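Sequences listed follow chains A and B, in order.
One point on numbering: in the working numbering, the residue at position 317 of the first sequence is 317, and numbering is uninterrupted.
One point on numbering: in the working numbering, the residue at position 98 of the second sequence is 977, and numbering is uninterrupted.
I should point out that these hints are in silico values taken from the structure, not numbers from a laboratory.
Keep in mind it's a predicted model, so treat the numbers as computed, not measured.
We put the beta carbon where it would ideally sit given N, CA and C, even for glycine.
Treat the hints with caution; some may be incorrect.
Keeping only pairs whose Cα atoms sit at most 20 Å apart, straight-line, the calculated SDA-like set for lysine to any residue is [stated by the list, open to error]: (1) B:K944 <-> A:R242; (2) B:K952 <-> A:E34; (3) B:K944 <-> B:L894; (4) A:K215 <-> A:E180; (5) B:K944 <-> A:F26; (6) B:K952 <-> A:R242.
If we take Cβ atoms under 10 Å as the criterion, some of the chain A residues that face chain B in the derived model are [to be verified]: (7) I20; (8) I24; (9) F26; (10) S29; (11) E30; (12) E33; (13) E34; (14) L35; (15) R36; (16) Q52; (17) A56; (18) N78; (19) R80; (20) S229; (21) D374; (22) V377.
What follows is each chain in one-letter form.
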Amino acid sequence: MPWLRRFVNTIRSSRLQRDIDREIAFHISEREEELRANGLTADEARRRARLQFGNAAVQRERTRDVDTAALVDALLRNVRLALRGMRRAPGFSAAVVLTLALGIGANSAVFSAIDAVLLRPLPFPDSDRLVQLTQTQPAAGETHVAPIRLRDWNRLNSTFEGIAGYFTSDVVDTSGGLPERVLTLRVTHGFFDVLGVRPAIGRTFTAEEHLYAYKGPEAVIVSDRRWRSLSSDRQVLDQPMRLGNASIATIGVMPSSFRFPAADVGVWTADEDDAPWGQLRTQTWYTGIGRLKPGVTIEQARADLERVQASLATQYPDTDRQIGVRLVPLKETVVGGTRPSLWILFGAVSLLLLIACTNIAALLLSRATRREQDIIVRYSLGGSRASVAAQLLTEAGVLAFIGAAVGLAVAVVATRALRLLAPELPRVGEIAIDVRILLYTMACTVVVAIVCGLFPALRSTHRMGVTPASTRTTTSARQSLQWLLVSVQIALSVTLLAGAGLLIRSIDAMSRADTGFDAERVLTLRVSGQYGFETNDATVQRINRLLDGLATYPDIESAAVTSRLPGIREQQEQEFVLADVAAGPSARVVAANVIVTPDYFRTLRIPLLTGDVCRRSPDAGGVQTATTETMVNRRFVERFLGGRSALGVHVTGGLDTLVKNRHVFAAAPSRIVGVVGDAREDGQDREPVPTVYTCFSAPHPAPWYVIRTARHPAAAAASVRRAINALEPSRSVYDSAPLESRIDGAYAHNRLRTWLLSLFAMTALGLVCAGVYGTLSYTVSLRRREVALRLALGALRRTVVQQLIATSLRIVCLAAACGLVLALLFTRSLSTMLYGVTPTDPPTLAGVIVLVVLVAGLAAVIPATRAAFIQPMRALREE
Amino acid sequence: MAAAKNDILQGTLTLLVLKTLASNKRLHGYAITTHVQRVSGDLLRVEEGSLYPALHRMEQQGWLKAEWGVTEKNREARFYSVTAKGRRQLAVEEDSWARFTEGVGRVLRYV
């Protein structure tokens, strides 16, 4: 393999050189000896031997060229040259490497997030075949699936390998000293097969264990984390766990990578899907999950399930006529929400990297001028344009390579920071710098080297001859190219700044928006409870008793229960029926449904507008016999009652979900007794929707408690917890947090996105500063003689400075205008993330332009002023 | 140079080196020069400098094998020997040389 030998020779060039030298020296000395033997003097023999051999240096080099790979050799030589050049200009090189390191590092970090979150398949075998299945209903939007219907789908379809269902529930583990709430996933038979996972230890549930009639010992599978927190040995399989009131055997431990549907699931239990309460087609609580057969598209599966559901509709017209199916790829349900943010961030870092490259290209370009003499000499000695260009490109390549190496370190730190800053990001634990990211970074580096090096390489290697006149023209041509590069930077950073500005204004608008409720000093928490362990009346009584008990504590101003937390997005709209109102039949009453206790309004300071606050539902038999009372918000009255008084109107539907689920058998219409102000229950960034507040104490066995505390809620949390423990010793308190921090948390990714984009935009602005400064400095150095001449002829220093600044500002303004056009294209993609501003918000865009022109103008002042201090006589004498 | 300008025709150096090495076991560069000069009765003279790039090229092409060894005067030198591939190449070159001289001869005879 000659090429391999040549390559090795290239790498070990000094050894090769030595060998060739020895070989040729031997030849010459042999000849010398022979000549001496023929009677010549030593000196003469040496002279003749050398003469006869010819030009030894040239032959040595030719021999060496034969033995080495010329391209690699040239590359190595160029790299050595580049490194030497870097050592000679350490400040310049450090600035370039640092800029690139930040640019490439940020880019690789964001790409690693995109790769882990969006591009890689979910950690299940053939996970692209997994889909989430839910049923749709015109009135209620998307709901869960009835167990019996899910079984029908599983039985009648022809496109799925299997369909399973699950729902979450809480159980309290009482094995230890303190009662501990454990998030439980109740799953149907086949759940683990659909996902394609097996326990790390033990087994999954048998078909018998899923039967209602099964009388054997109950069984659970525990998560890896829970297993480790208990006792990480295999003995766990035989130890029973006390869940609620039952003693249950652990039959398996899932691998640590299995975190479906959430990382905090502690145990999986077998749901009995043939249980008597699960046989009504109106009762819905499963989320469906299916595995498509190989080669089946999601459209085919959808058509298939729609056919199945259509046949069910003819079979069960009362319950199934209006039901539809909804299929979403499982991955989409996990990561879909983060896609726009991540791509926007990736777009932003890529723009930033492009700006950095342009900046460096301009820097290299101006540096190439200093080497003009050097290049001219190389040409006159017969160097080819290609070899000179290759040298300049190599220089950029070496800088890019070192920049990328440092950039990888930056990326490692950045991904770690991202994991800390965005713990809510789905799959955030999977983000890591691995081989794929390395390859991506390498590809990035190549692009960077070409973008940075190509302009200088092509521009400064124009065959320019040696006459000073032609040198001057190419210089001015290069100068305009440099300003063009600066303009590109300005245009791109206007784009970034516009995006960041709009996001900042959105956050600002959001924080100013009147939420209609007061989250300050409100503590939120849950108290464990589980369906099926007490009658509904018992739940109502238990919750009422706890609320009454809490009201006596000095730390607590008021306490209430709600079915959902205010200020956090959770779409729960449904259809209501208004009695006594002759509204047209077409006007469907769709409103948000919140189930609360009366003190909810006092606790959250939602003002009562008319009527009275509802009374608490009676302790016993509340749902079947008595009429519950209801509040509505102002928007509800405006939308559905057309200005008429709402008081006394009866509304049905508030407790429908309870009726649909378990234990509440029927709900009578409830009477509207009061109207409250509009509150942004669904999030700060969403307009209040028409809302019905049904006053009932047990929306769920473990509802949210909202507690207005006398002190800071975080400080009061411990004493509130003690109070609840005293009142309910066998139940655990969990998810305790101040409402304000909870709402903050819900918008954390929003803020993070904004701050990251702002950071990138400000960095871009900094680069623009450096670009304008560097390029104008260079212009001034080129026009030194001209300026000196003008000063010598009596021009005012002030005029000179003004002209230089004006020239730069003209270019800056033009570029900013181009940037504005780009910005309009870019900000359109932000429109879904904006609140209270349009993507073309004139004040933001105007502000950005002013900022850029101002900053660029300031950056121009120093080099321009420097021109005023040129000493005319000295400058003119220089040449 | 006192000797007549009997520089070797471009391209024939390979042939001469291969032939020289095929009839001798292994020789260093200087010995190849003296061999060609001696055998040709001083008619041919290898241009010494260009011998080494040629030797190294032939080595890269796998026609020659080179190794460091010691001369009878106990000096270190790089010795070359011909490989099997080199012998095949020699046959090709001999053949093309024969046709070349034949052709040139015919043209010269024609007039």
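*Does the structure break any of the earlier hints, and which numbers would those be?*
Going through the list in order, the structure violates hints 1, 4, 6, 14, 15, 18, 19, 20, 21 and 22 and respects the others.
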